[in-house]
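Please model the entire structure based on the sequences and the hints provided.
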Amino acid sequence: MTTDPKAAGTGRIAARIDRLPLTWAQWRLALISQVFWGVIIAADGIPAKVYPYVWLPQHAFGMTAFSLLLAMQFGVGILIGEYLIGIVADRWGRRLALLISTLTIALLMWPTALTNNFTLLMIFFGLSAIGLGGVLSTNVVYMGEFIPPQHRGRVMLGSQVLAVAVYGLLGNIPAILWIPNHYELFINFYCIVSMVVLVPLAWVMPESPRWLESHGRHEEAERVTIALEQECLRRSRLSSLPQPHYEKYAVTAGRHVPMRELFQGVYGRRSMLLLVAWILGYSGMIYGFGGYETLMLRGFGLDADQAFGVILVSSTLGGGGGLAICALLGEAVERRMIILFSAILTAAMLAVLYFVHTVIASYILVTLSWGATEVWLFSMYNYTAASYPTRLRATGTGLTDGVGHLGAVFGPIVAGWLFTATAAFGHAGWFVYVMIPGAVVPAVMIAVWGIDQRRAILEHISA
Numbered sequence: 123m124t125t126d127p128k129a130a131g132t133g134r135i136a137a138r139i140d141r142l143p144l145t146w147a148q149w150r151l152a153l154i155s156q157v158f159w160g161v162i163i164a165a166d167g168i169p170a171k172v173y174p175y176v177w178l179p180q181h182a183f184g185m186t187a188f189s190l191l192l193a194m195q196f197g198v199g200i201l202i203g204e205y206l207i208g209i210v211a212d213r214w215g216r217r218l219a220l221l222i223s224t225l226t227i228a229l230l231m232w233p234t235a236l237t238n239n240f241t242l243l244m245i246f247f248g249l250s251a252i253g254l255g256g257v258l259s260t261n262v263v264y265m266g267e268f269i270p271p272q273h274r275g276r277v278m279l280g281s282q283v284l285a286v287a288v289y290g291l292l293g294n295i296p297a298i299l300w301i302p303n304h305y306e307l308f309i310n311f312y313c314i315v316s317m318v319v320l321v322p323l324a325w326v327m328p329e330s331p332r333w334l335e336s337h338g339r340h341e342e343a344e345r346v347t348i349a350l351e352q353e354c355l356r357r358s359r360l361s362s363l364p365q366p367h368y369e370k371y372a373v374t375a376g377r378h379v380p381m382r383e384l385f386q387g388v389y390g391r392r393s394m395l396l397l398v399a400w401i402l403g404y405s406g407m408i409y410g411f412g413g414y415e416t417l418m419l420r421g422f423g424l425d426a427d428q429a430f431g432v433i434l435v436s437s438t439l440g441g442g443g444g445l446a447i448c449a450l451l452g453e454a455v456e457r458r459m460i461i462l463f464s465a466i467l468t469a470a471m472l473a474v475l476y477f478v479h480t481v482i483a484s485y486i487l488v489t490l491s492w493g494a495t496e497v498w499l500f501s502m503y504n505y506t507a508a509s510y511p512t513r514l515r516a517t518g519t520g521l522t523d524g525v526g527h528l529g530a531v532f533g534p535i536v537a538g539w540l541f542t543a544t545a546a547f548g549h550a551g552w553f554v555y556v557m558i559p560g561a562v563v564p565a566v567m568i569a570v571w572g573i574d575q576r577r578a579i580l581e582h583i584s585a
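Start counting the sequence shown at 123; every next residue gets the next number (my numbering).
Incorrect hints may appear among the rest.
[To be verified] Derived CB-CB ranges, DEER-like:
| hint | residue 1 | residue 2 | range |
| --- | --- | --- | --- |
| 1 | V319 | I298 | 14 to 24 Å |
| 2 | W214 | M394 | 26 to 36 Å |
| 3 | M185 | V474 | 23 to 33 Å |
| 4 | H304 | H181 | 16 to 26 Å |
| 5 | T241 | I482 | 34 to 44 Å |
| 6 | G338 | A543 | 51 to 61 Å |
| 7 | V319 | L451 | 26 to 36 Å |
| 8 | A483 | I558 | 44 to 54 Å |
| 9 | G338 | I314 | 21 to 31 Å |
| 10 | V474 | A454 | 26 to 36 Å |
| 11 | N238 | V481 | 24 to 34 Å |
| 12 | V326 | V455 | 28 to 38 Å |
| 13 | I314 | T241 | 17 to 27 Å |
Hint data in this document are derived by calculation from the structure and do not stem from the laboratory. Even for Gly, the Cβ is constructed at its ideal location relative to N, Cα and C.
Written out as structure tokens, the structure is:
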């Protein structure tokens, strides 16, 4: 393969991006991408917040139906969206994928505010979740393609502090204000934010120059890269930019997504490991816990304001604090070890919560456990996106994270059954399921069989 910097498809754009000094130019794009994540994850938790305080008191449907509703939104809808819109992102661009995703959320979620009919809720939460999945498969991919390798951990995890802040504030302050008496406003709020905030952002974001180069669109890639270089030079106040090392980069240009590569050779092995880890993690520590967290807090005797207060503090202070610490560590610690430590901390705090669950203990322990869980989640997103080459990065991320949402299909169902079946024992079976197969096991798998990513060039990690 040629490495002539003037030849098409040889990584010349990637080399130029990775030698840029870190400035507000890269931070801005990373933060914008994480606004998408924060808004859609806040919308992702709507049924889990509304059911305990609205649909359950109305006797609209029972726990089995609620578990199926969680499985539809958390699992089936997101799985379809991550896979299909992930293909869109790799074939037609990251911006288009984000635009389609946000329009899907805005246009298809609002009917859920008009009914408590189980069948209609299943349909519209499932359809709108396709947009949620599209954002999940694309936002972290977009962000990572602008960040130099020596700053990847700092910028990606640092910008994700904004994501958890947006998620915590948008997901819980409106809940405190509007659930249970005006829950319709709570649901419509996300449709409005998606249309008014996210759609314009998707419209004006620059396309990823790495993606443009990988598709042979060199003139467009050149325009975006020149604008980025000029801004970085101006903001850094350097007299000139460092020279790019073209010999270290090589990419294959093409307009098609080579799907078969995801199931062959080194990428096939990575895909299988990530699929299992994502399925277990989503089934336990993410949706197995998150889907029943509000019910757990209600069972501990917390009213709606107290329960959403715990979730607000845990998601903003816990998640934001954990990600901020990781951002300060930057690339000093291998990402696989962060994934392992955060899962062990999650399990340890939940073990204590099982025995001590006063209001104060709930604030402290849920904050620590959910903060560690969010570190695990974002580290897994970043790890997954860096495991594939540019030509199939969004598709690979969408496939593994999307199919991983199978864990969000059976996880809430299994977790819900254990939650109910072991209620007399303090929901012991549910706690064990979330802690061991849902947290510790997938983290150990990544720690033992995963790949090193610290300070590595994106094209080298994914080679």
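>> To test your reading of the hints: which numbers does this structure violate?
In response: Hint check: 8, 9 fail, others pass.
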